[in-house]
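Visitor: Work out the full structure, taking the sequences as your base and the hints as a guide.
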Amino acid sequence: MGTLLPPPRRATRIWALALGVPFLAGLALLTLTPSRVEHAVPNLLDVIVSLTHRLGWTALTFTRLEVLLNIAVFVPLGVLAFLLLPRRVWPLSLLVGPALSLAIETAQHLALPHRDATMNDVLANSTGATLGVALALLCTLLAAPRSSRLRPPRLEAS
1 MGTLLPPPRR ATRIWALALG VPFLAGLALL TLTPSRVEHA VPNLLDVIVS LTHRLGWTAL
61 TFTRLEVLLN IAVFVPLGVL AFLLLPRRVW PLSLLVGPAL SLAIETAQHL ALPHRDATMN
121 DVLANSTGAT LGVALALLCT LLAAPRSSRL RPPRLEAS
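Here UniProt numbering is used: the first residue of the sequence shown is 1, the next is one more, and so on.
Please note: incorrect hints may appear among the correct ones.
Label-pair distances were calculated between CB atoms; the ranges are [said to hold, decoys possible]:
#, residue 1, residue 2, range
1, Arg-13, Ser-50, 34 to 44 Å
2, Asn-120, Thr-52, 33 to 43 Å
3, Arg-87, Leu-123, 25 to 35 Å
4, Ser-35, Arg-87, 38 to 48 Å
5, Cys-139, Ile-48, 25 to 35 Å
6, Ala-59, Leu-123, 17 to 27 Å
7, Ser-50, Val-89, 37 to 47 Å
8, Leu-95, Thr-33, 22 to 32 Å
9, Pro-86, Leu-19, 13 to 23 Å
10, His-109, Thr-63, 17 to 27 Å
11, Leu-110, Arg-64, 21 to 31 Å
12, Met-119, Leu-4, 27 to 37 Å
13, Pro-6, Val-47, 41 to 51 Å
14, Arg-13, Ala-103, 19 to 29 Å
It is worth saying that the hints were derived from the structure and are not from the lab. From the three backbone atoms N, C-alpha and C, an ideal C-beta is built for every residue, glycine too.
Guide: Here it is, written out as structure tokens:
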């Protein structure tokens, strides 16, 4: 089965791998270590919340900031999944974020009882990863040569 999506360039995949490996290592450090981020940098998060309040956005609370950060951290994961999976199975990239998030939250629940493993985190992380896939898909469609967007997929012999 063909696809209307052009494959990423070789250089794009190399950059995705080069940036993806340290990103995943950082994500593991962020999510699978005993200390929580808000305990490691509480002043920074407080500064962000108080600054937004001074600017008039009083709806931002610590909890909402945490959700927004969970979404933002997983956007690159969606982009990476989209770039690194073969085009014929690109929809599977939509499952990478939720699967990884569920694995992280399960590991936190089982091995790091002082961390809060929640389904809200899974939902926020999954949203971020899905946004990342959508962003990568949109960029791919916009960057594709016009002729490849209009060309019907080739039928493959079975």
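Visitor: Compare the structure with each hint and give your call.
Guide: Structure-based check of each hint:
no.: 1; hint: Arg-13 / Ser-50: 34 to 44 Å; result: holds (42 Å)
no.: 2; hint: Asn-120 / Thr-52: 33 to 43 Å; result: violated (21 Å)
no.: 3; hint: Arg-87 / Leu-123: 25 to 35 Å; result: holds (28 Å)
no.: 4; hint: Ser-35 / Arg-87: 38 to 48 Å; result: holds (40 Å)
no.: 5; hint: Cys-139 / Ile-48: 25 to 35 Å; result: holds (28 Å)
no.: 6; hint: Ala-59 / Leu-123: 17 to 27 Å; result: holds (19 Å)
no.: 7; hint: Ser-50 / Val-89: 37 to 47 Å; result: holds (46 Å)
no.: 8; hint: Leu-95 / Thr-33: 22 to 32 Å; result: holds (26 Å)
no.: 9; hint: Pro-86 / Leu-19: 13 to 23 Å; result: holds (19 Å)
no.: 10; hint: His-109 / Thr-63: 17 to 27 Å; result: holds (20 Å)
no.: 11; hint: Leu-110 / Arg-64: 21 to 31 Å; result: holds (28 Å)
no.: 12; hint: Met-119 / Leu-4: 27 to 37 Å; result: holds (35 Å)
no.: 13; hint: Pro-6 / Val-47: 41 to 51 Å; result: holds (44 Å)
no.: 14; hint: Arg-13 / Ala-103: 19 to 29 Å; result: holds (24 Å)
The structure fails to meet hint 2 from the earlier list, while all remaining hints are met.
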